[in-house]
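**Q** All chains should be built: construct the whole structure from the sequences, respecting the hints.
There are 2 protein chains.
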Amino acid sequence: MVRVERVRYKPVGVRDLLIEMKDLSELMIDLAYSAALFDSPALAEEVMEMERHIDTLTYLLNMNVMVAARDADDAESLVGVTKVARAADKISDAAADIAAIVLQRIGIHPIIREAFENVEEHLTRIGVKPDSVLAGKQLGELELAARMGVDVIAIRRGKKWIIDPEENETIEKADVLIVRGAPQGIEEIEGIAEGTIRELED
Amino acid sequence: MVRVERVRYKPVGVRDLLIEMKDLSELMIDLAYSAALFDSPALAEEVMEMERHIDTLTYLLNMNVMVAARDADDAESLVGVTKVARAADKISDAAADIAAIVLQRIGIHPIIREAFENVEEHLTRIGVKPDSVLAGKQLGELELAARMGVDVIAIRRGKKWIIDPEENETIEKADVLIVRGAPQGIEEIEGIAEGTIRELED
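Protein chains in written order, with our numbering: chain A, -5 to 196; chain B, -5 to 196.
Any copy, or any two copies together, can satisfy a pair, since identical chains are not distinguished.
Straight-line alpha carbon distances no greater than 30 Å define the calculated DSSO-like cross-link-like pairs of lysine-lysine that follow:
#1 K77 x K153
#2 K167 x K154
#3 K153 x K4
#4 K77 x K154
#5 K153 x K84
#6 K123 x K154
#7 K167 x K4
#8 K77 x K4
#9 K131 x K167
#10 K131 x K154
#11 K153 x K131
#12 K154 x K84
No lab work stands behind these hints: they were computed from the structure. All figures in this text were calculated on a predicted structure; none of them were measured in a lab.
**A** In structure tokens form, the structure reads like this:
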């Protein structure tokens, strides 16, 4: 049975919700392409998780817009915002459709690979093990870009997503990192997150 | 009345169709954001035009997939391709929804502008007048990036779209260019396309 959670109203800034929805939906497209390109169920699962999260954000946004609109003028000026939110939701659905191809094991036809081959961002998903040296460190002090040419573009912490994390964001154990970079750097950061590599090289 | 054209089967490579759909749908998202950010009906109209074009491509792709599939194995391996095509179609619909906000004059709420502000690509649409010095020139010889810091990322020629045109692509009069760049360079290329600026400066 499909798990459906009741979404309850809570006051959240419409601006923040819309920006999160837009950023997430764009990231999902890149993730879905990478999931198909590398036939990666782990990446595809993250896309599905994001899709559910965007559904919740859509409900929250629509409820907060309703509460914010006091009269006809407010309603007219805010209706465009709900349209943009719906567009982000549609984009996230499209990303989930692509991810589903990976999860349903339909098979990634060579034509699909060719279509996604020129995608600039090759992304991967990395889980941070409790004994990894990453846990407890701030992103800035890790200097991952300089050290191994990789970039953490998003962090999932339970059900919360942090897109484009700041330098002072501290990585916690059990975080899921979405990382972009060349294959060699990705391999290194995977080892570090797994805990098999115990030291950061200079 | 909505103009609906009959789409007739013609043999086109499924690979080429899928790549065009993917590239177009991604460009449309960027264009739609820019249309909203600058409240530009001209850009929004291009998005709408692209959306109709993608609809046609979807029909063509589905028909060519049907003809290509000779047996159950072919069908199984190709069904993922139609799913990706449908996802590109959905993304293009979302872009058209955003463009419609501009065209329906619903009004671009400041929250929408804030959400799109960080969009990396600021795009504009430029029509090439017959007496412009651009007409008849190859993109490469124009050296637009070096001269004025702008980049032609797509050309519309009637109903045909050329995404990421090559250096040896010749600009024709009446072409519509989608250009990315800083405001000053955009202003210059606009003058050149209009024919009010008659010479390319070094």
